[in-house]
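Taken in order, these protein sequences are the chains called A and B. Position 544, counted from 1, in the first sequence is what the UniProt record's numbering calls 544; the numbers after and before it change by one each time, with no gaps. Position 21, counted from 1, in the second sequence is what the UniProt record's numbering calls 21; the numbers after and before it change by one each time, with no gaps.
Accuracy of the hints is not assured; some may be wrong.
One copy or two, either will do: identical chains are not told apart, so a pair holds if it fits within one copy or between any two.
Said to hold, decoys possible - Result set (EDC-like, lysine to aspartate or glutamate): computed pairs, CA atoms no more than 20 Å apart in a straight line:
| id | residue 1 | residue 2 |
| --- | --- | --- |
| 1 | 364 | 457 |
| 2 | 364 | 374 |
| 3 | 152 | 118 |
| 4 | 364 | 460 |
| 5 | 226 | 239 |
| 6 | 464 | 51 |
| 7 | 364 | 328 |
| 8 | 498 | 200 |
| 9 | 364 | 116 |
| 10 | 464 | 328 |
Because the hints were derived from the structure by calculation, they are not lab data.
Protein chains: 2
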Amino acid sequence: MKRQSALPEPGHVTTGPIYRSHKIYREVEFEGHTLKIPARRIDLTNGEHFDVYDTSGIYTEENPEIDLQGGLKPVRTWEPAPAVPASEEHPELRVQTQLAWARAGIITPEMVFCAEREGFSPEFVRDEVAAGRAVICANRNHPEIEPMIIGKAFAVKINANMGNSAVTSSIAEEVEKMVWATRWGADTIMDLSTGNDIHETREWILRNSPVPVGTVPIYQALEKVKGDPTRLTWEIYRDTIIEQCEQGVDYMTVHAGVLLRYIPLAANRVTGIVSRGGSIMAAWCLKEHRESFLYENFAELCDILASYDVTFSLGDGLRPGSIADANDEAQLAELRTLGELTLIARSRGAQVMIEGPGHVPMHKIAVNVEWEEDWCHGAPFYTLGPLATDIAPGYDHITSAIGAAIIGQAGTAMLCYVTPKEHLGLPNRDDVKTGVITYKIAAHAADLGKGHPRAQERDDALSKARFEFRWHDQFALALDPDTALEFHDETLPAEPAKTAHFCSMCGPKFCSMRISQDVRDYAAEHGLTSVEAIEAGMKEKSAEFAAGGGRVYLPIAEQK
Amino acid sequence: MKRQSALPEPGHVTTGPIYRSHKIYREVEFEGHTLKIPARRIDLTNGEHFDVYDTSGIYTEENPEIDLQGGLKPVRTWEPAPAVPASEEHPELRVQTQLAWARAGIITPEMVFCAEREGFSPEFVRDEVAAGRAVICANRNHPEIEPMIIGKAFAVKINANMGNSAVTSSIAEEVEKMVWATRWGADTIMDLSTGNDIHETREWILRNSPVPVGTVPIYQALEKVKGDPTRLTWEIYRDTIIEQCEQGVDYMTVHAGVLLRYIPLAANRVTGIVSRGGSIMAAWCLKEHRESFLYENFAELCDILASYDVTFSLGDGLRPGSIADANDEAQLAELRTLGELTLIARSRGAQVMIEGPGHVPMHKIAVNVEWEEDWCHGAPFYTLGPLATDIAPGYDHITSAIGAAIIGQAGTAMLCYVTPKEHLGLPNRDDVKTGVITYKIAAHAADLGKGHPRAQERDDALSKARFEFRWHDQFALALDPDTALEFHDETLPAEPAKTAHFCSMCGPKFCSMRISQDVRDYAAEHGLTSVEAIEAGMKEKSAEFAAGGGRVYLPIAEQK
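Using the sequences and the hints, build the whole thing.
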């Protein structure tokens with residue numbers, strides 16, 4: 001690993017616990033290994049605590065030992081599971097992938113890790129992986145990551161894109177963006193660097209990332225031919241793939257579904273081809289007037305990826321880039337081809353995700369999941385938003401969160417975030433955080449909407465804290481405690497306001513929650529807890545109430 | 001109108017055109033009156049223009065004559081339509097409301113105004129109003145507003161809340177918030193002031209607002225009894241209502257559906273009663289141990305509102321305040337009562353909207369519209385979000401935009417915005433803009449999703465501009481051109497970048513849209529515009545392409 005000076009140093013990344021919480025590890029024994037299952041424990045003021053799924057690695061520990069040069073210590077210290085004997089019936093079992101092991105009935109440490117992390121049984125995880133409905137993105141050369149699972153049955157995951165480093169100094173920025181994105185909840189990172197230091201940037205990110213890392217290898221291949229797609233060859237691409245597999249990339253976007261005959265289908269669109277990889281492959285196909293080297297060499301590609309257990313993210317090179325182009329022939333034709341490729345990849349033991357749109361109006365979103373599940377044999381869907389309208393550049397984290405929540409509820413397994421800078425510029429650190437939090441919202445809303453068994457626990461904990469005026473707990477349970485605290489301080493900065501029994505929005509006189517609590521207490525004391533009791537017409541309660549201390553509002557009103 | 005010094009002055013409000021657009025008025029003759037139908041014309045660099053619905057009044061004109069002291073010049077200069085003779089069958093026709101006229105088959109200037117503004121026929125508008133499926137909020141004492149219509153068949157509208165002025169100086173801030181909110185697209189304003197200057201603040205807002213203004217009169221009534229809800233009486237409330245009707249308020253939230261027997265249903269909720277008005281009425285009912293003065297005097301209330309043509313916004317005092325409480329018995333019981341009240345109000349000629357939740361997970365949202373339409377006889381639904389999760393204070397504009405878009409698509413007519421400060425503090429001017437733009441996104445996504453006939457035109461215009469690298473047009477067509485421009489400038493500040501044929505996100509070498517355009521041009525030139533042509537196996541095209549100037553990528557790549 002060659003490294004230059006003026007590169008990332010420990011002080012360049014954000015470390016330390018998130019507001020009123022600390023990192024915990026639950027130890028689970030499995031076949032002689034001790035798996036350390038991470039979580040973030042939020043300490044509440046009422047003596048209770050609440051544990052949340054956490055992707056931030058050691059960076060959120062108290063005083064973590066950070067060695068960016070040396071990288072993270074391996075988490076996956078175990079030996080790979082044994083090779084499974086291939087058979088004539090199951091030739092795919094000659095490879096060592098999570099898919100192959102799962103199909104052979106073997107439970108791996110990764111499966112146990114994912115199961116414990118999300119509260120499912122290892123057997124269930126294995127069965128979902130075996131069916132191809134879930135993937136565990138974990139390159140055998142990437143031991144630093146904490147294994148996680150992507151699939152419809154599990155919590156919806158989010159990906160944060162980063163990368164792009166024309167100058168060396170920005171490698172430090174990209175590493176911090178990675179740490180920063182995982183701090184706020186990114187489940188995977190994609191390094192989309194297209195500058196001069198692609199390999200070097202990726203190396204720093206891979207060695208220091210606690211989450212799986214994805215790439216789009218065609219970008220680096222294109223750099224190798226100085227940006228001219230017509231000079232791309234299978235050999236150049238293959239070498240790039242191997243280089244990235246060796247380095248530890250966990251999943252790769254491959255635009256093998258862009259077929260020559262689909263290109264005219266996109267010709268009369270409002271926004272043509274908006275996928276970079278898709279447009280590059282279209283240019284190549286048209287020039288060569290034959291199918292792409294990705295498509296023609298797909299079986300070999302499968303064997304390479306499977307030999308490292310790198311997961312395919314079959315790219316939607318013809319995804320719609322505008323509301324007008326949503327769900328059109330070009331998009332659907334490619335999706336059918338991705339389904340065919342899915343079967344080829346699985347038959348060779350490789351894990352597969354399918355990428356999806358893009359820009360789609362709300363009423364056309366859910367059917368995308370139906371098509372994908374049907375045509376691509378239940379492979380996990382991984383979508384970019386989609387944006388539910390085109391008219392709000394500068395706010396496309398929001399236009400796309402609407403689509404992302406809906407498509408997540410419908411069954412999409414992972415959502416690729418969109419930042420406020422989409423269509424306009426490169427996201428900075430603040431944009432990365434905004435994108436991640438926005439997508440955590442969309443993913444969580446989707447988890448609630450699809451009935452994930454544990455999703456509502458956090459909503460209930462936060463709402464209970466809100467109703468009980470436990471302000472610090474409300475902040476601590478929020479996806480972004482720092483911003484919640486900052487906003488509260490803007491209106492009521494004093495510390496007593498953090499324990500006040502009224503809401504800063506309405507002030508003491510108009511606090512519905514305060515009145516509501518008094519109403520509840522009064523009703524309980526006077527046996528008015530049922531419709532029957534109320535309807536019994538206990539007129540005398542009225543007098544009692546007025547005479548006693550039960551004036552539900554005065555204790556606060558009198559303060560004024 | 002008593003006014004104090006140190007109050008709003010013209011320089012305190014934002015005026016002037018929005019980026020590359022100007023206000024236009026289309027003149028429509030109707031029964032001897034000239035109606036000036038407003039719109040905002042966006043001037044495009046290709047010589048075309050695009051007109052958008054606009055709520056900003058004269059403030060976005062070039063050098064408008066602003067006289068905040070005197071207020072806006074009346075827009076509704078016409079006489080009210082004639083009184084309609086009542087009949088035994090239709091006693092409601094003794095009043096002069098848009099509903100009464102519509103039922104009598106009369107088309108009013110307001111109906112023509114609304115019809116022309118949205119591109120429907122006056123007859124259609126009349127029929128929707130007559131059926132109670134749409135309302136035109138226009139107090140006869142509020143001639144300054146540009147009439148607009150709220151109903152499922154029309155574009156989804158958004159409301160912006162403001163108000164709260166403990167000190168006089170903030171009246172100026174609230175007036176600017178009103179102007180600022182309508183600049184960015186608020187269709188109505190609610191003045192929720194609860195301080196000492198309620199009447200005064202409202203007067204400034206009413207006289208200067210180009211959009212309908214709503215209130216929650218119980219807030220002012222409560223101030224009159226020094227914040228003690230148990231001292232509220234029908235007489236105090238009625239006087240407050242009349243005061244506000246006289247002043248020109250266009251619609252009023254009335255929590256008449258909080259019945260005594262519903263209170264125990266809310267007792268064991270996670271967040272009890274979260275509506276201020278609802279909690280106030282619950283406290284009153286429990287103390288008095290009888291139904292509220294709103295419910296008991298509802299018929300008289302209807303007659304007062306109808307005599308000014310003030311629209312009811314029947315409040316959901318028992319709306320859920322958390323995911324856990326969504327769609328519970330308390331909420332549904334009240335909604336049924338609101339349905340009963342709707343019929344009473346309509347029978348007395350008053351227009352009615354129904355307010356809705358609140359906090360609802362995605363899978364429980366659409367059914368709210370079904371219930372509301374069924375039980376409340378098709379009255380326009382007006383919802384607060386709803387928030388699709390509780391776990392993101394600081395980002396509740398986003399958690400609620402997800403719910404708002406979904407409920408809008410399902411048929412909600414107006415969405416009450418939520419700002420980033422919800423649950424945490426008071427929105428400032430920036431928060432107001434963020435809330436408005438976020439809700440314009442939700443409303444527009446809903447319009448697309450429900451198939452509003454003209455909604456997609458703006459998406460198409462913007463996407464076409466994007467694909468053709470007309471950067472200035474992309475910004476101008478955006479909901480918030482200023483932010484789009486600012487974000488683009490951050491990455492590529494130079495003016496040439498505004499005409500560059502590549503996207504600032506990807507840079508020249510990876511510009512999919514550029515490649516895509518080249519692909520399209522090449523395909524057109526070589527007759528490769530159909531699948532058949534491609535499949536004809538024109539191998540010779542390959543050689544032509546490589547030899548000719550058609551190398552789709554090199555023109556840009558060679559720049560490097």
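Hint check:
1. 364 / 457: Only across copies: residue 364 and residue 457 sit 17 Å apart there, 31 Å inside one copy, limit 20 Å.
2. 364 / 374: within (16 Å within a copy, 26 Å between copies)
3. 152 / 118: within (13 Å within a copy, 42 Å between copies)
4. 364 / 460: between (32 Å within a copy, 16 Å between copies)
5. 226 / 239: within (16 Å within a copy, 78 Å between copies)
6. 464 / 51: within (16 Å within a copy, 47 Å between copies)
7. 364 / 328: within (11 Å within a copy, 30 Å between copies)
8. 498 / 200: neither (47 Å within a copy, 32 Å between copies)
9. 364 / 116: neither (36 Å within a copy, 30 Å between copies)
10. 464 / 328: between (46 Å within a copy, 17 Å between copies)
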